[in-house]
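Given the coordinates of chain A, work out where chain B should sit on it, guided by the hints.
Residue numbers (the working numbering), protein chains in the order written: chain A, 1 to 159; chain B, 160 to 355.
Calculated from the structure, these hints are not laboratory results. From the three backbone atoms N, C-alpha and C, an ideal C-beta is built for every residue, glycine too. Check each hint, because a few of them may be wrong.
Stated by the list, open to error - Examples of chain A residues lying across from chain B (beta carbon under 10 angstroms, computed):
1. L37
2. A49
3. V82
4. Y91
5. I119
As the list claims (entries may be wrong) - Pulled a few chain B residues facing chain A out of the computed Cβ check, cut under 8 angstroms:
6. D170
7. M290
8. I291
9. V311
10. F314
11. D322
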Amino acid sequence: MILLYVATLALFLLSLAADRGKTVKALRAGTRMFLNLLPSLLAILILVAAVLTPLGPETIRGWLGAESGPIAYVIAAAVGSVALIPGPAAYPMAGMLIDSGVGYPVIAVFITTLMMVGIVTLPLERRFFGTRVAVARNALSLIGALVIGLTMASVWSLL
Amino acid sequence: MSSYLARHRIDLMIIVLFGLVFVLSFVFGWEGGQRAAASFRDFALEMIVVLPVIFLLIGLVDAWMPNEVVARHTGDGSGWKSSLWMILFAMLQVGPLYGAFPVAGLMWRKGTSPRNIFIYLGAFSTLKLPMIGFEVGFLGLKFTLLRAALAVPVFLVMAIVMDKAFGKTFVVNDMAASRPRDSAPATHRPPNPTAG
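Looking at chain A on its own, in the form it has when it is part of the complex (with noise of 0.2 angstroms):
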């Protein structure tokens, strides 16, 4: 993270002493571009955390820790997917689901979808790929998701 902020003011600074016209441009567009990205985004982060908020950890640990076998990678698969989490808070929570007895290719389906599937984000993720792409790049995550679980399960007691 600080790595990243260095590396962006070296090379911002570099780029302003080389061309200060063309920084100045960069500058402009880059700023374009997160303020049209910024309301739609707030607006999505504003309904996630009103809708789901009532839903807190407690829940979702209850849910995910609830049922075993198949039902139990559905359920991770469903709120991994719909869940909009952090990974700073999302990753201590995986660790007390482990500690509270769910095994891990659960905790993979809910880590994968988590990362990889954002339903509450499809609206914004619409507006860069179109519906079609963005809505076939979360069915295939999900799937893939499941894979990586199922796969998981059925090789973590051989290694």
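Frame of chain A, contents of chain B only:
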């Protein structure tokens, strides 16, 4: 400015409406609203820490990196070695997946092939090094290595399928078009030079 407000009016209405609800829930001590406001703050922090830097970087790369170089190394017919570079590049990234979409837009404008863009998105969402660090810490090395090893073939196959299905018509909207497209030809990727 007024066109900006008009174009984003629904989103802005949601923001203002819920902003009011959040404020009122503190005034009247409504706990549900306060909790929602708190988790919105967490999301917003995650976003505001990463996104401005990413967009500054996109602007700089857009201005300095010659399209021709990007197209030659990561474009159509650049082979699987270029895919390896896409994966390594994605691993060095930070932030949520929606931060990768504008980067994908930049790549597309510069001539990166659809397959490589999908590989980038796959690697971004499953192999980011900062994430891997967290994952090893909380879930152990065995889990992390196995999940990562399984994720690679999954997103490679996905990229091939997506390329087969959508590669011909693939377009990324760059979000920079605050003016109509035709008055901003510089942001247009030339798909076929003959069309002028």
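Verification of the supplied hints:
Restraint check, L37 of chain A versus chain B: the minimum CB separation of about 5 angstroms is within 10 angstroms; hint holds. Hint status for A49 of chain A: holds, given a least beta-carbon distance of 4 angstroms to chain B, under 10 angstroms. Taken as an interface hint, V82 of chain A does not check out: its beta carbon lies about 14 angstroms from the nearest beta carbon of chain B, beyond 10 angstroms. Interface restraint check for Y91 of chain A: the shortest CB-CB distance to chain B comes to about 4 angstroms, inside 10 angstroms, so the restraint holds.
Residue-level restraint check for I119 of chain A is violated (minimum Cβ-Cβ distance to chain B is 12 angstroms; threshold 10 angstroms). At a threshold of 8 angstroms, the smallest CB-CB gap from D170 of chain B to chain A is about 4 angstroms, leaving the interface hint in force. Given hint, M290 of chain B at the interface with chain A, holds; its Cβ is 5 angstroms from that chain's nearest Cβ, closer than 8 angstroms. For I291 of chain B, the interface hint is violated, the least distance from its beta-carbon to any beta-carbon of chain A being 10 angstroms, above 8 angstroms.
Interface restraint check for V311 of chain B: the shortest CB-CB distance to chain A comes to about 10 angstroms, outside 8 angstroms, so the restraint is violated. Taken as an interface hint, F314 of chain B checks out: its beta carbon lies about 7 angstroms from the nearest beta carbon of chain A, inside 8 angstroms. Because the closest C-beta pair between D322 of chain B and chain A is about 11 angstroms apart, greater than 8 angstroms, the hint is violated.
Consistency with the previously given hints fails for numbers 3, 5, 8, 9, 11, ordered from lowest to highest.
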